[in-house]
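*Asks:* Protein sequences appear in the order of chains A and B.
Taking my numbering, the leading residue of the first sequence gets 38, the next gets one more, and so forth.
Taking my numbering, the leading residue of the second sequence gets 100, the next gets one more, and so forth.
These are calculated hints, taken from the structure and not from any lab test.
Incorrect hints may have been included.
Okay, derived cross-link-like pairs now, DSBU-like style, lysine-lysine, Cα gap no bigger than 30 Å in a straight line [stated by the list, open to error]:
{"#": "1", "chain 1": "A", "residue 1": "K435", "chain 2": "B", "residue 2": "K117"}
{"#": "2", "chain 1": "B", "residue 1": "K412", "chain 2": "A", "residue 2": "K187"}
{"#": "3", "chain 1": "B", "residue 1": "K134", "chain 2": "A", "residue 2": "K384"}
{"#": "4", "chain 1": "A", "residue 1": "K421", "chain 2": "B", "residue 2": "K331"}
{"#": "5", "chain 1": "B", "residue 1": "K244", "chain 2": "A", "residue 2": "K425"}
{"#": "6", "chain 1": "B", "residue 1": "K420", "chain 2": "A", "residue 2": "K421"}
{"#": "7", "chain 1": "B", "residue 1": "K247", "chain 2": "A", "residue 2": "K434"}
{"#": "8", "chain 1": "B", "residue 1": "K244", "chain 2": "A", "residue 2": "K384"}
{"#": "9", "chain 1": "B", "residue 1": "K247", "chain 2": "A", "residue 2": "K190"}
{"#": "10", "chain 1": "B", "residue 1": "K117", "chain 2": "A", "residue 2": "K190"}
{"#": "11", "chain 1": "A", "residue 1": "K418", "chain 2": "B", "residue 2": "K244"}
{"#": "12", "chain 1": "B", "residue 1": "K371", "chain 2": "A", "residue 2": "K519"}
{"#": "13", "chain 1": "B", "residue 1": "K331", "chain 2": "B", "residue 2": "K244"}
{"#": "14", "chain 1": "B", "residue 1": "K134", "chain 2": "A", "residue 2": "K578"}
{"#": "15", "chain 1": "B", "residue 1": "K331", "chain 2": "A", "residue 2": "K418"}
{"#": "16", "chain 1": "A", "residue 1": "K218", "chain 2": "B", "residue 2": "K117"}
{"#": "17", "chain 1": "A", "residue 1": "K439", "chain 2": "B", "residue 2": "K247"}
{"#": "18", "chain 1": "B", "residue 1": "K116", "chain 2": "A", "residue 2": "K125"}
{"#": "19", "chain 1": "A", "residue 1": "K190", "chain 2": "B", "residue 2": "K134"}
{"#": "20", "chain 1": "A", "residue 1": "K136", "chain 2": "A", "residue 2": "K45"}
{"#": "21", "chain 1": "A", "residue 1": "K72", "chain 2": "B", "residue 2": "K371"}
{"#": "22", "chain 1": "B", "residue 1": "K371", "chain 2": "A", "residue 2": "K507"}
{"#": "23", "chain 1": "B", "residue 1": "K335", "chain 2": "A", "residue 2": "K578"}
{"#": "24", "chain 1": "A", "residue 1": "K439", "chain 2": "B", "residue 2": "K105"}
{"#": "25", "chain 1": "B", "residue 1": "K420", "chain 2": "A", "residue 2": "K434"}
{"#": "26", "chain 1": "B", "residue 1": "K412", "chain 2": "A", "residue 2": "K102"}
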Amino acid sequence: MAPIIEVKNFSWRYPAFVGNQNPYALDGLNFQVEKEEFFGIIGPSGAGKTTLCYALTGIIPHVFKPQMGKEAEDLKGEIYAFGQLLTKVETVYNPTTGKNEAKIMGMKQTAPRMGLLLQDPENQFLRMDLLHEVAFGMELMGLPPDEIEKRAKEALEIVGLSSLWPMADLIHPSELSGGQKQRIAIASFIAMRPEVLILDEPTSDLDPEGKLSIIKAIDNIRKEYKLTLIVVEHNPEIMLKYADRVLALDKGKMIAYGTTEEVYKDVKLFYEHGLYPSDIARIGYESNLKYNQRVPFDVDEALKAMSGITPNFSNVNLNDEIVKGEKEIINVNNVNFWYEDGTHALKGVSFTIHEGEFVGLIGQNGAGKTTISRIIAGIYKNYKGTVKVLGIDIRDKKIADKIPMYVGYVFQNPDHQIFMRRVYDEVAYGLKNIGLSSSEIEERVRDALTSVGLLEKIDEDPLFLGKGEKRRLAVASILAMKPSILIVDEPTTGQDFRMSEDIMNLMGELNKHGTTILAITHDMTLIAEHTKRVVVMYQGKVIFDGPTRQFFADQDLLDKAAIIPPLAVRLSHAYRQHIDRNAPMLINVREWVQALKPAIKIKAE
Amino acid sequence: MSNTDKIKEDAEARTSKKYVRTFIFSMRIGTAVEKLHVITKAMMIIVLSVIALYMFDEVPPDIYGLALLILIVFSLLLVARVGKYLVTSYLALALPVLLGEFIWWLVFNRNLPGSPTYIYAWPGFLPIGLSTLMFILTFGLVFIKTRKITSSLVAALIVWYIFIVPGDLDTSKITTWFTFPIGRPIGLLTSSLAEMVAVSKAMGFAVLIYTSFLFLLTTRDTEIAGALVQLKASFKQAFFVALMFRNLNLILLDYENIRIAQRARGAGIIRKSIFSRIIDLAYISVPLVATMIRRATEMGVALYARGFEASTKMTQYKETKNLTYMDIIIWIIMIGLLIYTVVLHQSITATVMRLI
């Protein structure tokens with residue numbers, strides 16, 4: 038069977054309007070996508086994944102064009118879709134100028150046969166109500182109204198939003214959460230029934246459970262409607278479970294291409310290029326645990342690989358004692374909060390954070406995590422109950438206007454937090470606002486930039502920093518104000534494996550040096566690796582507050598909070614269920630490696 | 100579940116949603132005003148404005164006519180159940196404008212004919228009586244609510260001032276018990292007609308302002324595209340107008356987030372001069388513009404991906420809204436009023452007087 042997409046020796050660079058030429062964003066790519074397959078694309082930030090999606094849909098070069106006169110240099114190679122030429126630069130004779138000129142050839146438009154879903158669902162919501170958002174693509178296709186209605190309803194059902202159908206025409210985009218918008222964006226394309234659907238990190242705004250359910254739904258449609266799926270996704274579990282073949286990119290070049298198994302078994306390559314290997318693969322790689330001559334990928338394979346090996350649990354440091362000072366930094370007591378539309382977002386939330394703690398605040402989308410942290414940061418004021426910072430009620434006049442000096446809040450989107458055009462000024466901005474002397478500002482800026490490793494970029498323009506660097510700059514800007522507690526909202530969303538590790542290690546370092554940290558995240562692997570205490574929220578209530586290990590050990594609680602634990606935890610559950618009921622609860626890769634490595638070494642000897 | 104059950108359940112689910120988002124704030128679903136067509140509302144702004152301008156230009160001004168127009172606008176605002184938003188925001192903002200309008204016309208038109216009237220800014224004495232009681236009462240109430248001395252004092256002074264004006268006109272000493280002479284009386288000699296003109300100008304502008312509010316508070320941005328299509332614009336043109344509203348919505352959202360992020364960086368901790376505060380506001384443009392550029396690019400891509408450029412034979416699905424009986428009633432009232440007042444030159448005040 039002929040491939041549905043064929044990429045031959047394709048290179049592309051974005052035109053540079055000033056200064057030197059840009060490097061090639063895609064460099065010599067050669068691959069094919071077969072009809073009806075689930076094709077995965079992985080790569081660290083800046084690898085060229087989104088650029089590749091643009092090229093596969095023809096947006097590059099038919100919308101984002103190469104520089105005039107430089108077509109043949111900016112774009113090389115060719116792409117075929119549906120057996121037809123999509124993109125190629127050819128030299129043709131121009132009778133008016135009498136010269137040979139480079140000309141872009143190929144299909145100008147791939148929609149509606151091909152659909153492309155981008156990462157930020159906000160930017161793809163083009164209409165002012167839900168119904169027309171889902172219907173829009175079909176209206177453009179010229180489908181009859183009856184068919185539009187039938188398909189729109191069906192598409193909402195597939196993405197799990199059928200409850201919104203009866204009032205779909207009354208729902209304004211601002212009434213929907215990020216996760217809902219993402220589902221609607223997916224529904225809009227499903228309804229158009231394209232032959233190829235390209236999804237660029239389609240689930241970044243969803244919690245792990247939402248992620249899995251939506252990918253499962255899309256995969257079912259793929260089978261039912263004979264759809265070809267091309268998915269850019271970091272999550273190794275999704276790829277290993279659903280993808281038939283995978284292409285790995287870094288800096289525009291192909292670093293691996295083959296069946297999912299072939300690509301994912303090379304853990305070393307993943308580490309080298311900052312890609313997400315699965316937790317189980319990491320355990321396998323680091324402790325030399327083998328399944329069928331390769332690292333195991335999932336819990337079943339790991340259990341089979343472990344037969345005949347007795348993990349040395351005594352080697353694992355299971356100390357869960359939380360290092361904390363006497364001083365109460367945050368005290369939240371019986372806090373209730375209602376949004377303007379009447380939603381009861383917090384229902385009697387209480388917890389206390391002591392000096393020097395590193396607490397994870399977790400829960401599903403809509404559990405109330407961001408709401409409570411915004412109350413602590415003094416952003417939402419109309420709450421019932423009390424919130425104390427350093428023992429003082431935040432409504433007290435002494436600190437009400439000065440909360441940012443005590444509670445540092447690092448927001449999710451670093452693009453929203455950059456106010457200056459020089460890294461130094463950016464960090465100094467907050468310090469000037471609190472009226473420090475220029476010598477004190479200078480000292481604090483240098484200290485903060487040193488602690489996040491950005492000192493050498495002190496004179497650069499923050500807007501041109503990489504994604505991970507922007508995130509670290511945002512942390513430095515808050516850190517310089519020396520708050521008593523640092524709240525970080527989803528520090529790892531949209532970041533690759535290396536950057537996520539990097540930012541969490543930074544948090545760990547800061548915590549070691551005395552900074553109290555409250556991290557809000559969906560990433561359970563990071564929680565299991567870095568925090569010793571979790572506060573778990575579900576539908577506006579705190580349903581657990583205690584040691585991370587204890588939480589992950591309790592299956593009922595995990596079910597209640599609708600949280601999917603990391604693979605290392607699931608391995609422990611399975612181990613305890615099938616092999617040794619009294620085995621300790623290991624919750625992260627490090628602990629499993631500590632237990633397995635010596636045991637495997639002894640067996641090998 | 101049978102099909103009828105499903106339809107019934109869907110209808111029930113629909114009624115669970117009580118309010119729908121409009122340009123500003125939201126309105127109650129299912130009211131007569133919600134069902135009005137956007138073209139009817141636009142026509143209403145034009146007709147009521149024309150009539151109001153005509154009425155306050157008449158000599159003498161048509162006060163009862165203007166009162167009738169205000170009554171119509173406020174009734175519609177109440178029917179749409181947007182009163183609470185009006186009170187919490189724009190009613191208060193519009194009142195000083197209307198007061199300014201009133202004073203302006205009074206000061207510059209006092210030579211108009213009519214019986215001479217004195218309007219005092221200060222009666223020349225400090226009255227003790229009802230105004231004093233109102234001062235104490237207001238101060239007490241506001242202080243209990245806000246616990247702020249300055250705000251309570253300002254509110255109490257405003258109420259007190261409003262009450263000394265009737266006090267100085269009160270010759271029978273019912274509302275003023277004692278007086279202490281302080282300063283000289285400050286006032287304005289004007290005429291009864293000048294007062295009437297000033298009142299009518301303020302009323303006329305109130306009609307203009309509140310019909311515009313009615314439009315903004317009760318129109319959904321999604322209705323605009325449909326209305327433009329009905330007015331024979333191409334769907335693609337109409338869509339671009341709608342996309343502009345969507346962008347505006349996103350800009351406001353980003354602005355809100357950026358402003359919060361700016362506060363988290365200590366903007367607003369120290370009291371700064373107005374100039375520094377303006378500079379703070381200008382700093383918002385760095386992240387705002389960066390975000391806007393990214394959004395615009397991605398929206399372009401999203402449009403391409405849905406096949407916007409390639410589409411040649413598009414259909415419309417529930418894009419337009421039909422006129423209802425309520426629209427027809429409003430059209431009849433508006434045209435009737437227009438003919439009676441502007442075309443036939445009839446004054447509502449004169450008509451009411453005749454009837455009485």
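*Asks:* Give a verdict on every hint.
*Replies:* Here is how each hint holds up against the structure:
In summary, the hint linking K435/A to K117/B is not supported, as the alpha carbons are separated by about 41 Å, beyond the 30 Å threshold. Pair hint K412/B plus K187/A holds up; C-alpha atoms about 20 Å apart against a cutoff of 30 Å. About 37 Å separates the Cα atoms of K134/B and K384/A, which puts this hinted pair outside 30 Å; it is violated. A hinted pair counts as satisfied when its Cα atoms are at most 30 Å apart, and K421/A with K331/B does not qualify at roughly 53 Å.
Between K244/B and K425/A, the direct Cα distance comes to roughly 23 Å. Compliance with the 30 Å bound is thereby established for this hinted pair. With a CA separation close to 43 Å, the supplied pair K420/B and K421/A exceeds the 30 Å bound. A distance of roughly 12 Å separates the Cα atoms of K247/B and K434/A; the hinted pair therefore holds under the 30 Å criterion. About 26 Å separates the Cα atoms of K244/B and K384/A, which keeps this hinted pair within 30 Å; it holds.
Distance restraint check for K247/B and K190/A: the Cα-Cα separation of roughly 54 Å exceeds the 30 Å cut-off, and the hinted pair is therefore not satisfied. Restraint check for K117/B and K190/A: the C-alpha separation of about 22 Å stays at or below 30 Å, so the hint holds. For the hint linking K418/A to K244/B, the alpha-carbon distance of about 16 Å falls within 30 Å, and the restraint holds. In summary, the hint linking K371/B to K519/A is supported, as the alpha carbons are separated by about 22 Å, within the 30 Å threshold.
Pair hint K331/B plus K244/B does not hold up; C-alpha atoms about 54 Å apart against a cutoff of 30 Å. For the proposed pair K134/B and K578/A, the alpha carbon gap of about 40 Å is over 30 Å, so the pair is violated. Restraint check for K331/B and K418/A: not satisfied, since their Cα atoms lie roughly 48 Å apart, outside the 30 Å limit. For the hint pairing K218/A with K117/B, the CA-to-CA distance comes to about 21 Å; that is within 30 Å, so the pair holds.
In summary, the hint linking K439/A to K247/B is supported, as the alpha carbons are separated by about 19 Å, within the 30 Å threshold. Taking the CA atoms of K116/B and K125/A, the gap is near 52 Å; set against the 30 Å cutoff, the hint is violated. The straight-line distance between the Cα atoms of K190/A and K134/B is roughly 24 Å, inside the 30 Å bound, and the hint therefore holds. At roughly 27 Å between alpha-carbon atoms, K136/A and K45/A fall within 30 Å of each other, so this suggested pair holds.
Between K72/A and K371/B, the direct Cα distance comes to roughly 64 Å. Violation of the 30 Å bound is thereby established for this hinted pair. Between K371/B and K507/A the CA atoms are separated by roughly 29 Å; this keeps the pair inside 30 Å, and the hint holds. This hinted pair does not check out: K335/B and K578/A have alpha carbons roughly 47 Å apart, beyond 30 Å. The suggested pairing of K439/A with K105/B is violated, with an alpha-carbon distance near 54 Å, which exceeds 30 Å.
The suggested pairing of K420/B with K434/A is violated, with an alpha-carbon distance near 52 Å, which exceeds 30 Å. Of the pairs offered as hints, the one joining K412/B and K102/A holds, with about 27 Å between alpha carbons and a cut-off of 30 Å not exceeded.
In summary, the numbered hints that this structure violates are 1, 3, 4, 6, 9, 13, 14, 15, 18, 21, 23, 24 and 25.
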